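Given the coordinates of chain B, assemble chain D onto it according to the supplied hints.
These are the residues of each chain, in order.
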Amino acid sequence: MKKIIELKNISKSFDGEKVLDNISLDIYDNEFLTLLGPSGCGKTTTLRIIGGFEQPDEGDVLFMGERINDVPAHKRNVNTVFQRYALFPHLDVYENVAFALRERKVPKDEIDRQVTEMLSLVMLSNFAHRKVTSLSGGQQQRVAIARALIARPKVLLLDEPLGALDLKLRKDMQQELKKIQKATGITFIFVTHDQEEALTMSDTVVVMSDGRIQQIGTPTDVYNEPQNAFVADFIGESNIVDGVMLEDFKVRFSGHTFECVDKGFERGEAVDVVVRPEDVDIVREEDGMLKGVVTSVTFMGVHYEIIVDIGGFKWMIQTTDFVDVDEHIGLSIDPDAIQIMKKSEYSGMFGDYSTYSDEAEELSEIELGELEEFESTEVEYED
Amino acid sequence: MKTKGKPVWGLLGPYTLWAAVFIVVPLIFVAYYAFTDNSFTFTFDNLLRFFNDKSQMGDTEVRTYMLIFWRSLKLAVISTVICLLLGYPLAYIMSRASDRSQKIMMTLLMIPMWMNFLIRTYAWMTILQDTGLLNGMLTRLGLGNVHIIGTEGAVVIGMVYDYLPYMVLPIYSVMAKLDIRLIEAARDLGCNNYGVLKRVIFPLSMPGVLSGINMVLIPSVSTFYISQKLGNGKFFLIGDAIEGQYVANNLHFAAAMAFILMIILLVMMALIKKFTNNMAYGGEEI
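If you're matching them up, the sequences are chains B and D in order.
Residues 1 to 383, numbered by this note's numbering, are exactly what the first sequence covers, in order.
Residues 1 to 286, numbered by this note's numbering, are exactly what the second sequence covers, in order.
One chain only, chain B, in its complex shape (with noise of 0.2 Å):
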């Protein structure tokens, strides 16, 4: 595969905070790459950079291995869907999908038989001689990606672009991006917050935070192998613990000596362990590699969520069997079941459901996400 984009080694400061750390990222053409992360983690002011709507303090931005550190955005073979689409509204449909063939002075006829096209491909035909203002959100999303994608970008950008849309539309707009993404052979770069979007529609999912890459792969790789606690609590839920490394292939937690598959860690080394909700069976007590007491029963739909005391640490298990409040049970867990992690900064942070069932805590938690969240809204503000 070819590489359209590289980012080597950027950083970036507004006001003196740290927006962006040291970057480095590939990207391959025909790609759908997603930047994951939570707000101020830094994947706008990624995306921007590649815009060209900021410069780098350091580092290259290289496309298609020239370096466009000053190239402006209008000379950029990039395009962007703007957060809240960012629509013309002093022109209707027709004239905001040609804005940038009027800029070229393509010829009228040509301009024409675009636009005519886009505005099929994006399913507005009907909607040519309409103001944009009076669409809905998503008649204006999919005239934001027409608009965009008419200038045949290599690259199109998009800032979190199903962030205003309503549940049902949101999941609508996954599958046709998806569909469109393949049918042009663009390199999509999206943004977005929302984990459940960036497995499904993703190549290859970037997850950042504070600034810093915190791991690429595949979908499945960020979900089964997370390499940071970070991680594996941003994406899905996560039950993370303490454990030591016994050797290749054993590693000890909550009192009990576990098969698993990871090699290649220090004999006796620290370190988190990953078990995903999903992945623990319920057996009878007696039967159990860990035993604990049930806490919290949530009714979920297709599955239970149940909070379960296990000397003190809570775990979230994911069942389809019902158990009760207070019932003693026993937990089985699969050596593949199993994901070991390197101690980081993030150890000890995320994992713990000690306060989930918890009303009073959890509103004190809820009132402290707010406060962080606005805290880097400051510091980026364009998240």
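Calculated from the structure, these hints are not laboratory results.
For clarity, every value in this text was computed on a predicted model and none was experimentally measured.
C-beta: ideal position from N, C-alpha, C; glycine also.
Check each hint, because a few of them may be wrong.
Said to hold, decoys possible - Calculated Cβ distances over 10 Å to all of chain B for the following chain D residues:
1. Ser95
2. Arg140
3. Leu189
4. Cys191
Stated by the list, open to error - Per the computed footprint, the stretches of chain B lying under chain D, defined by three or more beta-carbons under 8 Å from a beta-carbon of chain D, are:
5. 62–76
6. 146–158
Below, chain D without anything else, positioned relative to chain B:
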């Protein structure tokens, strides 16, 4: 941007009363005086006089008030165009400056407005006089003298100075609200600075330009006093004419002139609005 829904009559009450007493009733009086003579019998004479009064100017006979009106309109249009040419870039620069600079520029723009209009006009007299500050400076620089006071140029300078803020403020307030992402989107789609200005900023700032033109053109057409002081009374404007007739207790003719001026301005504003609307939101060519 029209808000629909039931008006809140309780809140509207005082304004309705205000509008009735201070706007509608006076307008009715103006019309009533315009269409009556001194004994308050109905007549078109006052209106016709505006169009027909003739006087001798040099060797030629001219229609007095038509001449004055065209002169007023000409100077007002020139002043408005100059205000627009000066004010538009200023508004753009202000809207893109840092918050601090915006405040400073805004204050600088507003300070002259804190001073009385008469004092400002007298200040310009001292500057523009043949032996005034401007000529003093030019002489010291060895550039010779210019004769400005008593010319149409002096009247235009006075009007531009007085009305510039009324052009800048509405344009600035529209531009300051302009979504920066629209500018980025235009760049993204291939526009250089000029393209962004021409295809996005200018059409979107049209409402501000329109109200700026409104706020400068109307008072400029009907301005008086500036012309008397800076034009040395040589360039009688329609505002001066109305004032003159009023002072001479010729209320009916003064009302007739005011009435005609009002109608002409209304038609002009309607035309400008139609023209700019087509330009800004016509969709096709911009």
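Comparing the hints with the structure gives:
Every CB of chain B lies more than 10 Å from the CB of Ser95 of chain D, the least distance being 17 Å, so the non-interface label holds. The non-interface label for Arg140 of chain D is consistent with chain B: the shortest C-beta to C-beta separation is roughly 47 Å, beyond 10 Å. The Cβ of Leu189 of chain D sits about 4 Å from the closest Cβ of chain B, inside the 10 Å cut-off, so the non-interface label is violated. Here Cys191 of chain D does not stay apart from chain B, with its beta-carbon only about 6 Å from theirs, under the 10 Å limit.
Check result for the region 62–76 of chain B against chain D: holds, 3 residues qualifying (beta carbon to beta carbon below 8 Å, three or more required). Proximity of the region 146–158 of chain B to chain D, defined as three or more residues with a beta carbon under 8 Å from a beta carbon of that chain, is established by the 3 residues found.
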